[in-house]
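Those letters in the sequence shown? Residues 1 to 71, by full-length UniProt numbering.
Take every hint as true, because none was put in to throw you off.
Simulated restraints on C-beta separations:
id, residue 1, residue 2, range
1, Thr20, Asn68, 24 to 30 Å
2, Gly40, Val63, 15 to 21 Å
3, Asn68, Gly18, 23 to 29 Å
Hints are computed from structural coordinates only; laboratory data are not their basis. Built from N, CA and C at the ideal position, the CB exists for glycine as well.
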Amino acid sequence: MSDKPRENRVREHRKAAGITQAELARAGGVSRQSIVSVEGGDYAPSVYLALRLAAALGTTVEVLFPLNEEG
1 MSDKPRENRV REHRKAAGIT QAELARAGGV SRQSIVSVEG GDYAPSVYLA LRLAAALGTT
61 VEVLFPLNEE G
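Could you build all of it, start to finish, from the sequences and the hints given here?
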């Protein structure tokens, strides 16, 4: 298993919602750079942040961060 967090669907859902990284960052209580890192798969958010992002995007954590059982 690599050190890089697994892929996620945050960017896809953010764009579908029509909000910017800065707007999502405000909703999550983090910096825009944190959202950039999450979307790029460079940072795995805390459970709390994942829940806040899911709520802001009108979806669930499981949809944003699907488990990949192959790894």
